[in-house]
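With these hints in hand, go ahead and build the complete structure from the sequences.
Letter by letter, the chains look like this.
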Amino acid sequence: MKKSPDTQKLEQILRSSAFSAAGFMGTDTRSLAEIIDADMAEVARLGYTPQQIAQRMQQITDKAKSALGNWIKINDTHSAMITEVKGRIPCPWPHAGNYAKRVTTLQDTQTGRKVHFSDLNIHLIAEHNFFEGRGSAFRVEPKQIVEMLF
Amino acid sequence: MIVLTLLKAVLVISAIAAGLAAVLAVADVFLRDYGPCKITINNEKELTIKGGDSLLSVLTAEKIFIPSACGGRGTCGLCKLKVLEGAGSLLPTEEPYLDKKEIADNVRLSCQVKVRNDLKIQILEELFAIREYKARCAEIKDLTHDIKLFRFELTDPAEIKYTPGKYVQLLTPVYEKSSEEVYRAYSVASDPAQKNIIDLIIRLVPGGICTTYCFEYLKVGDEVKMNGPYGEFRLTDTDAEMVWIAGGSGMAPFVSILHEMKNSNSQRKTTYYFGANRVEELFLTEQMKQFEKDLPNFKFVPIVAQPGESENWNGETGLVTQAVERNIKNASDCEGYLCGSPGMIDAAIVVLKKLGLNENKIYYDKFA
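Sequence lines, in order, name chains L and D.
The numbering used here runs 8 ahead of the 1-based position in the first sequence.
The numbering used here runs 563 ahead of the 1-based position in the second sequence.
Treat the hints with care, since some could be wrong.
Within a straight-line C-alpha distance of at most 25 Å, the following computed DSS-like cross-link-like pairs (lysine-lysine) qualify [said to hold, decoys possible]:
hint, chain 1, residue 1, chain 2, residue 2
1, L, LYS17, D, LYS677
2, D, LYS916, L, LYS73
3, D, LYS916, L, LYS71
4, L, LYS94, D, LYS892
5, L, LYS94, D, LYS643
6, L, LYS94, D, LYS924
7, L, LYS17, D, LYS740
8, D, LYS645, L, LYS94
9, L, LYS94, D, LYS916
10, L, LYS94, D, LYS740
11, L, LYS73, D, LYS917
If you are wondering where the hints come from, they were derived from the structure by calculation, not from laboratory data.
Here the structure is a predicted model, which is why all the values come from computation and not from measurement.
What follows is the structure, given as structure tokens:
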């Protein structure tokens, strides 16, 4: 399908280093629409919505913030920890809003498995259904995150 | 016949499209050419440069280094300077980082201001002392599972002079995970008396461009570039008792300050609260014990949030802020010095104020 000029511009921004040195698309050659469609289908197959996933991610980040950089127990099988750096990062979509450069690490304490997500990831998933492209450092794999969150 | 006509039509349309594309390309080159622009700095120095780039990148190219921790993406708010003439309107990307007074004083984010015409700017004189340094990575030491100490020997220039508490910006070159050079800021952890050495204590940030480079790609012997020194975090000249609070790589500036206190035989009463998650995540504890021997009024208080049962930890437990609250009854005559994650610093400020410390006597460096 032909892309609108706005979509073309957005995709160009997501592939560039304008907002993040490594961009948001990683090595993924699919279009933005294809990436979002595939992830939405996967999320639906798993029985959740992006908003449910983002809401749970936010709850974990909020709880982890209180531990000031230490691990905190989320439930019997999971712990989380926050890593923060200075500054804020804006959403690459054309609207106001920027997000703390904060990364939440969620660990399954029984298997040692970990996933990382940023405050911007939470926003991108909740508002734009965007989990980032494959190969992006902050790509959130729907299957992995669902297994860890619920 | 019809096929020939169609073919001709396709060719004509293609030729028109190609012509329009060429016109657009040429127009782009000329429209983006702002010609030579003059930048007057502090009414003294004048630069003539080719317009079109951001003010930050133009000044950096002229070896005038303005602090910036985000590589000019408008996300750290550090690259502030006054643009007295020629900057145009304030951009929405700048507004979150500027208060009303700064806006009234023509303060701008230099990474967001494009040089399109002549500009008059004002910058702090001390920024002229900031230089670019080439250095060789001399040592990489594991401090914890996700914190390393990187020692760099300066090669060109071979010496640096700085006040303890300052930071440098380390350049990450283009590598597999980044298609462009980026700078990131790290507090200096070395003894300022060793003028050819810069120690940096760096914590791995998941997905971080610079920390990933340092942890996975940088090798002993590699050449790096950095610029500095920057920052306003330093000890005051008073004799007031000090409460230091840090966690993780926030240890860095305090190591440098302790070297300086030892070098100057400081007698200032100082208690340093340092938080870690597990006992195995405490580091430089032997060096801290040595500083306690060298400095008669210095005390190091390590706090472990969650000591494991097998770790035999008999010291302070819980959050670093909880340990401060347990140990200090009244901090009204103290000065507070904090370094760590923004969340830890915000929490520490709340606790110190609760203990009676005036907010204007709390100094901090919010670099994780």
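Hints and how they fare:
Restraint check: the Cα-Cα separation between L:LYS17 and D:LYS677 comes to about 21 Å, which is no more than 25 Å; the hinted pair holds. Proposed proximity of D:LYS916 and L:LYS73 is supported: the alpha carbons are some 20 Å apart, at most 25 Å. With a CA separation close to 24 Å, the supplied pair D:LYS916 and L:LYS71 stays within the 25 Å bound. Our distance criterion of 25 Å between C-alpha atoms is broken by L:LYS94 and D:LYS892, whose separation comes to about 31 Å.
Straight-line distance between C-alpha atoms of L:LYS94 and D:LYS643 comes to about 15 Å, which keeps the hinted pair within the 25 Å bound. At most 25 Å may separate the alpha-carbon atoms for a hinted pair to count; L:LYS94 and D:LYS924 meet this at roughly 22 Å. This hinted pair checks out: L:LYS17 and D:LYS740 have alpha carbons roughly 23 Å apart, not beyond 25 Å. About 22 Å separates the Cα atoms of D:LYS645 and L:LYS94, which keeps this hinted pair within 25 Å; it holds.
Restraint check for L:LYS94 and D:LYS916: satisfied, since their Cα atoms lie roughly 23 Å apart, inside the 25 Å limit. Our distance criterion of 25 Å between C-alpha atoms is met by L:LYS94 and D:LYS740, whose separation comes to about 21 Å. Proximity of L:LYS73 to D:LYS917 is assessed by CA-CA distance (about 20 Å); at most 25 Å being required, the pair is judged to hold.
Hint 4 from the list above is the single one not met by this structure.
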